[in-house]
Amino acid sequence: MKISLTVNGQLREVEITPYTRLLDLLREDLGLTGTKEGCGKGECGACTVIMDGELVASCLVPAPQADGSEVLTIEGLGSRDNLHPIQESFVETGAVQCGFCIPGMILASKKLLDENPHPAEEEIRLGLSGNICRCTGYAKIIDAVMMAAEKMDGRESDQDG
Amino acid sequence: MGKKYNVKDYYCKHTTRCSTEGRKKSKRFVGHNVLKADAWDKVTGDAVYPDDISFDDMLHIKVKRAVHPHAVLKNIDISKALKVSGVVDIITAEDIPEVRQYGLIVRDQPVLVGVGEKMRYLGDALAVVVAESKEAAKKARDLIKVKVEELEVITDPFRAMEDDAPSIHPDGNILITHHLDKGDVEKGFANSDIIVENKYQTQFIDQLPMQNESGAAFYDERKGVVNIWASTQWLHDIQADVAQSLRLAKNQVRIIQPTIGGAFGKKEDVSVHIHLAIAAIRTGRPVKFTYTREESMITQSKRHPITIYAKTGVSKDGYLQAWETKFIGDTGAYASSGPAVVHKGMYHCTGPYNCENVRGVSHAVYTNNTFCGAMRGFGTTQAAFAYESQIDIIAHKLGMDPAEFRKQNIYEIGSTTPNGQQLNHSVNARETIESAVELSGWKGGNSK
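Going line by line, the protein sequences match chains A and B.
Under the working numbering, the first residue of the first sequence is numbered 96, with each subsequent residue one higher.
Under the working numbering, the first residue of the second sequence is numbered 138, with each subsequent residue one higher.
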């Protein structure tokens, strides 16, 4: 079957099987390998993307369900030469170690800051509670989100709605 | 009676390594926060982890695992699996008679279990399926039919050590025994006013790095070199082990480390490497193999569950006099780092506390559980559970503040560990206790 969806602002048409996961579609069909698979069961958050404004575990979304949707992956947030303030903050606070959880962490942080531009530490912990990191102990990740909130202060949210 | 163990002053006078003056700081890095060079690639999704590697014409691997934790393989039937559309090759032990066993310390692990041979835990590999897609490989793997003769499954190292227990490996179930002897424990116990004896048990823990075992391989036929891009913590050891297993020269095996998504000891062992190499050489095409989380949990190493017996003698005034210990480590079906982990744990049996008289024995024991290997601390975390518990229990019996009891027995410059290493510099145990007291808000006292 063929579906079409908008990924990182580009309309894409993809030939899939009914059991393709959104994660496979992104990684294998579109080559967007920034989205990771950690558990395949929606527990770890490594495969997190933003679909129609909602955080989803892309390993649990059947690709046919993404037909007509708008998906943001880590590749669509910023590039090396043009980092999003959240990405900048993760670099500057030393919040990145092995890095495998980071694309999911950053997208979860974006969703959090879009809805709550000035989160308290507890709210950050709750906002990132769907994402597991095994290296950092989370302290610097929370620092990164705090720093990103400051950097983004006064800017218009870049998410519609 | 106990005496205060303090030779710090002596060492500071007689060695150059424990200067109390601050070291010269590097102006560029030490004491500064340095931005990590790889962070940019990791925040943009550009970093390439093993499963992110793709080649044109690439094949996918799935492995048929053991169907029973302890059984003899009687028959393996791949005929139905071979008919699955997209299957390129199914490799069983009879296809690779020249391939040798592998292992980090003891080469006791088979690449594939052959007919007439034993599977020793649920992670043992019986067949490697190579196909055009992951789905085809999985479908074919599930069509492989296996007949086994079941043996007694040993999940308890104490059962494994009994005389009538079946041997999991040819040389018996006790993989290795180490002894520890320092001072005179009999004299130490005779000088003790209180003796505390307890048994402690720790459990299996998975290191659980975020990225599962994964890799890709390509055989360069012209040069006779197999290239393996796979996560590992020991590039050179893995290269040597893969080469000896496949009877290749080391320069015919290239291990290339992509970005690695965590390890914590779990990626010290061979995982996907040899299966990848065999499939790449046989098919002449690039191949990829990524474990699922379940496969990683069942197949790769764990932190050892260790049973620790501790008998500790102490004088009325709160000085450790004697410490006797026994470590029984469940190393699972294969040795991995087990011979080193269990006895390293024993060497740390007294923790950071001075004791002149120490005696111990450790056994690493085979069972049919998933094999145990390296995990952060390498045996010392298990030991810590036992010795810190002992210390608390003794402080309670003495009616002493557990922080004070710790401080008066704590390692200092010049202290000697149970295995006879003299600590000549950088001993910060006292400062650690003091910081813990301060940060935790501990008000002192005892729980009596």
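Watch out, some of these pointers could steer you wrong.
What the hints assert, rightly or not - Per label pair, the in silico range of CB-to-CB distance:
no.: 1; chain 1: B; residue 1: Asp183; chain 2: A; residue 2: Gln160; range: 24 to 32 Å
no.: 2; chain 1: B; residue 1: Asp214; chain 2: A; residue 2: Asp162; range: 56 to 64 Å
no.: 3; chain 1: A; residue 1: Ser99; chain 2: B; residue 2: Val362; range: 24 to 32 Å
no.: 4; chain 1: B; residue 1: Glu431; chain 2: A; residue 2: Ser99; range: 46 to 54 Å
no.: 5; chain 1: A; residue 1: Glu165; chain 2: B; residue 2: Asp343; range: 33 to 41 Å
Unchecked claim - Taking lysine to aspartate or glutamate pairs in the EDC-like style, the calculated list, with each CA pair at most 20 Å apart, reads:
no.: 6; chain 1: A; residue 1: Lys235; chain 2: B; residue 2: Glu334
no.: 7; chain 1: B; residue 1: Lys271; chain 2: A; residue 2: Asp119
no.: 8; chain 1: B; residue 1: Lys271; chain 2: A; residue 2: Glu123
no.: 9; chain 1: B; residue 1: Lys448; chain 2: B; residue 2: Glu272
By construction, these hints were calculated from the structure, which means they are not laboratory data.
Computed from a predicted structure; not experimentally measured.
We put the CB at the ideal spot given by N, CA and C, even for glycine.
Val362(B) and Ser99(A) - C-beta distance against the hinted 24 to 32 Å: This hint is violated: roughly 44 Å between Cβ atoms.
Hinted pair Lys448(B) and Glu272(B), Cα distance within 20 Å: Violated. Lys448(B) to Glu272(B) sits at ~56 Å, over the 20 Å cutoff.
20 Å Cα cutoff - pair Lys235(A), Glu334(B): Violated. Lys235(A) to Glu334(B) sits at ~42 Å, over the 20 Å cutoff.
Status of the given 33 to 41 Å range, CB of Asp343(B) versus CB of Glu165(A): holds, 37 Å
Range hint 24 to 32 Å (beta carbons of Asp183(B) and Gln160(A)) holds or violated: Holds, at about 28 Å.
Distance restraint between Lys271(B) and Glu123(A), which requires alpha-carbon spacing of 20 Å or less: The hint holds at about 11 Å.
Pairwise beta carbon distance, Glu431(B) to Ser99(A), judged against the given window 46 to 54 Å: With Cβ atoms ~34 Å apart, the hint is violated.
Asp214(B) paired with Asp162(A), Cβ distance criterion 56 to 64 Å: Check failed, 42 Å falls outside 56 to 64 Å.
Pair hint outcome, Lys271(B) versus Asp119(A) [Cα-Cα no greater than 20 Å]: Satisfied, since the Cα-Cα distance of roughly 11 Å is no more than 20 Å.
Checked against the numbered hints given earlier, this structure breaks hints 2, 3, 4, 6, 9; the rest are met.
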